[in-house]
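Peer 1: Chain by chain, the residues:
There are 2 protein chains.
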Amino acid sequence: MSHLQREIEEQPDVIARLLSEQSEQAQTIARAIREANPAYICIAARGTSDNAARYAQYLFGIKAKKVVALATPSIHTLYQTAPDLSRALVIGISQSGQSEDIRQVLTDAKAQGSLTISLTNKPESPLAQQADYHFDLMAGEEVSVAATKSYTAQLTAIAMIGAHLVGDADMHTALATLPAAARDTIAAAGDTAQWIERYRYTDRLAVIGRGYNYCTAFEISLKIKELCYISADGWSEADFRHGPIAIVQPGFPVFVVAPRGATSEHAIDLLALLAKRKAESLVITNDDIPEGLARRVLKIPASLPEWLTPITAVIPGQIAAMHLAAARDLPLDKPRGLSKVTNTQ
Amino acid sequence: MSHLQREIEEQPDVIARLLSEQSEQAQTIARAIREANPAYICIAARGTSDNAARYAQYLFGIKAKKVVALATPSIHTLYQTAPDLSRALVIGISQSGQSEDIRQVLTDAKAQGSLTISLTNKPESPLAQQADYHFDLMAGEEVSVAATKSYTAQLTAIAMIGAHLVGDADMHTALATLPAAARDTIAAAGDTAQWIERYRYTDRLAVIGRGYNYCTAFEISLKIKELCYISADGWSEADFRHGPIAIVQPGFPVFVVAPRGATSEHAIDLLALLAKRKAESLVITNDDIPEGLARRVLKIPASLPEWLTPITAVIPGQIAAMHLAAARDLPLDKPRGLSKVTNTQ
Numbered sequence: 027m028s029h030l031q032r033e034i035e036e037q038p039d040v041i042a043r044l045l046s047e048q049s050e051q052a053q054t055i056a057r058a059i060r061e062a063n064p065a066y067i068c069i070a071a072r073g074t075s076d077n078a079a080r081y082a083q084y085l086f087g088i089k090a091k092k093v094v095a096l097a098t099p100s101i102h103t104l105y106q107t108a109p110d111l112s113r114a115l116v117i118g119i120s121q122s123g124q125s126e127d128i129r130q131v132l133t134d135a136k137a138q139g140s141l142t143i144s145l146t147n148k149p150e151s152p153l154a155q156q157a158d159y160h161f162d163l164m165a166g167e168e169v170s171v172a173a174t175k176s177y178t179a180q181l182t183a184i185a186m187i188g189a190h191l192v193g194d195a196d197m198h199t200a201l202a203t204l205p206a207a208a209r210d211t212i213a214a215a216g217d218t219a220q221w222i223e224r225y226r227y228t229d230r231l232a233v234i235g236r237g238y239n240y241c242t243a244f245e246i247s248l249k250i251k252e253l254c255y256i257s258a259d260g261w262s263e264a265d266f267r268h269g270p271i272a273i274v275q276p277g278f279p280v281f282v283v284a285p286r287g288a289t290s291e292h293a294i295d296l297l298a299l300l301a302k303r304k305a306e307s308l309v310i311t312n313d314d315i316p317e318g319l320a321r322r323v324l325k326i327p328a329s330l331p332e333w334l335t336p337i338t339a340v341i342p343g344q345i346a347a348m349h350l351a352a353a354r355d356l357p358l359d360k361p362r363g364l365s366k367v368t369n370t371q
Numbered sequence: 027m028s029h030l031q032r033e034i035e036e037q038p039d040v041i042a043r044l045l046s047e048q049s050e051q052a053q054t055i056a057r058a059i060r061e062a063n064p065a066y067i068c069i070a071a072r073g074t075s076d077n078a079a080r081y082a083q084y085l086f087g088i089k090a091k092k093v094v095a096l097a098t099p100s101i102h103t104l105y106q107t108a109p110d111l112s113r114a115l116v117i118g119i120s121q122s123g124q125s126e127d128i129r130q131v132l133t134d135a136k137a138q139g140s141l142t143i144s145l146t147n148k149p150e151s152p153l154a155q156q157a158d159y160h161f162d163l164m165a166g167e168e169v170s171v172a173a174t175k176s177y178t179a180q181l182t183a184i185a186m187i188g189a190h191l192v193g194d195a196d197m198h199t200a201l202a203t204l205p206a207a208a209r210d211t212i213a214a215a216g217d218t219a220q221w222i223e224r225y226r227y228t229d230r231l232a233v234i235g236r237g238y239n240y241c242t243a244f245e246i247s248l249k250i251k252e253l254c255y256i257s258a259d260g261w262s263e264a265d266f267r268h269g270p271i272a273i274v275q276p277g278f279p280v281f282v283v284a285p286r287g288a289t290s291e292h293a294i295d296l297l298a299l300l301a302k303r304k305a306e307s308l309v310i311t312n313d314d315i316p317e318g319l320a321r322r323v324l325k326i327p328a329s330l331p332e333w334l335t336p337i338t339a340v341i342p343g344q345i346a347a348m349h350l351a352a353a354r355d356l357p358l359d360k361p362r363g364l365s366k367v368t369n370t371q
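One line per chain: the protein sequences are A and B, in this order. Counting in the working numbering, the first sequence runs from 27 upward without gaps. Counting in the working numbering, the second sequence runs from 27 upward without gaps.
Mixed in with the good hints there might be a few duds.
Any copy will do: because identical chains look the same in the list, a pair fits if it lies in one copy or spans two.
As the list claims (entries may be wrong) - Distance condition first, Cα-Cα at most 30 Å in a straight line; then the derived DSS-like pairs of lysine-lysine:
| # | residue 1 | residue 2 |
| --- | --- | --- |
| 1 | K304 | K360 |
| 2 | K89 | K148 |
| 3 | K360 | K302 |
| 4 | K302 | K91 |
| 5 | K91 | K360 |
Honestly, the hints are just simulated from the structure, not real lab data.
From just these sequences and the hints, can you work out the full model?
Peer 2: Here's what the structure looks like:
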């Protein structure tokens, strides 16, 4: 078994461990945020961690009413200056905790007196040591170069901090069902290796999501690019339909992340447009999709509220990317051009 | 002549008109921003206008030390809530000024007492009427569905407001040379129709930029997608090299936006990596590119400081997208699937 497959399958346990062992730290961090009362949140991250930051934009925006800005680390490193972060909460997210540019954003923020928090999988890392508060993702070593369990751990950490920030009992109840939902999602994807073969020779596709699952579209598209060397574009449903949809010809494969919730009406509407263009629509959902709108429906459990679906909806995408890479005879654990530590300056 | 070509060629005049007729309004807006002293800036925009917002992230971040968040309009429309924008300056950017979701962000911000500004090409539009201050882009009617002159007008407006916000005489001096630089850029691209034929049959490519020209990579990639139906990915140089570079095989075309400045060392480094993978690198630059690292160098004038290069560097990309669409026998003014007004809910 590849490290990649093992790590994908570890996700329910990683999530369960976080929920049981890090609840207190999530509470401590939420309290510090409430006390600081920042005008907004700024998150520094790259790659997969940047997609976790996109999840935070919607979760903190909708539930905690905080605007989340994504930091521009190059301003700190290449242009060697720092914007005014003094009224922000600054969060650094990094699997390895070794990204030099993410650390620089936190260093500058701290010098300005901002509250700083880091989320890493390495408590001894420079980023973890640097921040006022550290949230340990406890995902265990991630050997495969393509990040999977560290991503869902990051999302879970954000959801836990969000639930404590809002102080909503229903959110905590829903969080507790997450490990089982992740387990069911993996089980439901059991036949992926067979049907994915149909896509062996495509060299492009698109992945669409919106709202809470905007991050899911980006993360699945990133996994497909990294593992399968396919030009897989990630898009917001809203942006995609007003222009970039022009790329869709008959047979063009499109993953549409469309769980039940605020975005589903728009997703169904997009699926109808895609059907007219004779696209191949692969729909990740816990909803009923009208006849004829999907080539294949990838099921996620119906039990979760929309705000938690990104933590399950990414999993069929991870599994699809893995099996598609295998069908293309590509290495699963060490794809070309990928390095484990993103050390950008 | 297509409307698209005429509008691309109008850009020097549009920029000159803005500089001469809108300087006072830029100054008024800058004064209002200084008085409000917002904790950060939040920009609501979609598509091409979103790429203008990316320019503002770097320009306001580096020169005026203000963090710029990109708004998440779906939070306001689909999730029907509003994050706390009370300590923000909120800017809406829209060519048509008719985007319902952008207007909703400004409505919510205004209700919370934030300072609001709109940048549109239509002073009579709902968005223009709504904001505390309106900046008229004066680009004239844009008939071609793919936006060109309205984009460079948006960038120029942001640069003008930035220069007044910083109050730097050198910035104003540099701004004054912009129309001539845009004219020279168009002249230097005179042979594009010939050499672009080489790429008639590619159905994918990548466009890379960083820092100030992160926006340029995204905007060129968007034009190529919309006009040529090619899977053209836009990337930050930093993100691209740590994973997505896996998609690059021999002959894979990559546009690299690499003007002289803080990012050039990294761009040259990426070009060396791409050369090893035998990519086809097309470099947009005013710098000297080492022998063997570029299939073709697309020149922009050396006269502009780095912060203004996005307004010229996008032009060779617009022209390349136009001629590539023509080489593929595609319609220039009404590409499939594209609508002029982005009316998202």
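Peer 1: Please write out, lowest number first, the hints stated earlier that are contradicted by the structure.
Peer 2: 4, 5
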